[in-house]
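Oh and the sequence shown: position 163 is 162 in numbering that gives the first Met the number 0, straight run, nothing missing.
The hints are simulated quantities; they were obtained by calculation from the structure and are not laboratory data.
No experiment lies behind these values; they were computed from the predicted model shown.
In this text, a Cβ means the ideal position worked out from N, Cα and C, and glycines have one as well.
Using C-beta positions, here's what the derived DEER-type ranges look like:
(1) Ala101 x Lys30: 22 to 28 Å
(2) Glu137 x Arg24: 47 to 53 Å
(3) Ser145 x Arg105: 17 to 23 Å
(4) Asp112 x Ser133: 25 to 31 Å
(5) Glu121 x Asp20: 42 to 48 Å
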Amino acid sequence: MIVEAAGRLFFAPGSVRVSMDDLARELGMSKKTIYRHFPDKRSLLAAVLDRQFAAVERTLAAAAQDAQGQPFGARVQRFLLAAGSELGRIGAAQLAAGRGDAVLRRYVEQRVDAVVYRRLDELFRDGYRQGLLSAPPELLSEITRSALERLLTSQLPRELDRTAADLLRAGVDTVLYGAIRPAHPGHPGIGDEQLEAVIPTARDEEVGP
Numbered sequence: 000m001i002v003e004a005a006g007r008l009f010f011a012p013g014s015v016r017v018s019m020d021d022l023a024r025e026l027g028m029s030k031k032t033i034y035r036h037f038p039d040k041r042s043l044l045a046a047v048l049d050r051q052f053a054a055v056e057r058t059l060a061a062a063a064q065d066a067q068g069q070p071f072g073a074r075v076q077r078f079l080l081a082a083g084s085e086l087g088r089i090g091a092a093q094l095a096a097g098r099g100d101a102v103l104r105r106y107v108e109q110r111v112d113a114v115v116y117r118r119l120d121e122l123f124r125d126g127y128r129q130g131l132l133s134a135p136p137e138l139l140s141e142i143t144r145s146a147l148e149r150l151l152t153s154q155l156p157r158e159l160d161r162t163a164a165d166l167l168r169a170g171v172d173t174v175l176y177g178a179i180r181p182a183h184p185g186h187p188g189i190g191d192e193q194l195e196a197v198i199p200t201a202r203d204e205e206v207g208p
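Let the hints inform the model, and build the full structure from the sequences given.
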């Protein structure tokens, strides 16, 4: 219950700094009771982040499962869109870039690397082994990492009235169009119908911490 309430407060839109007093008021309990479960705010934040990243991992695993049997480009699209949506929802880029203390920033960076980027690297390496990529997987990983992180912290989505995941879709399609080899002769890349098929629909419920 404490971790769930802390997640609602820490990841609420527009929240800047949440104190243990705020959390105690939200829960209707004393800070002393909270401290019996978590010795300090850092340990509580770590528990919240563990819960959040577990949810991200489940979403990415589901996206990979749903994309089984689809063309490689569709698998990449589904994975990156799911990753962009989930990381944007929890503000992972902002957390890693400066919100909170240094220990928590490193923790967030490590979790993003383990949950998202290592999976992305494996996906590109797998495509390269199958002869589906004309560019080195390391280059494509670096490009897509940079695009994802930049879009999550950029004002561009707001200026264009689009989500970061929307722009990531367009950017990845542009970058990968020439790198992903067609699965069949005469099929130059990922068509609109395929793209529409792999774009994950927005869920009604938010991923809770």
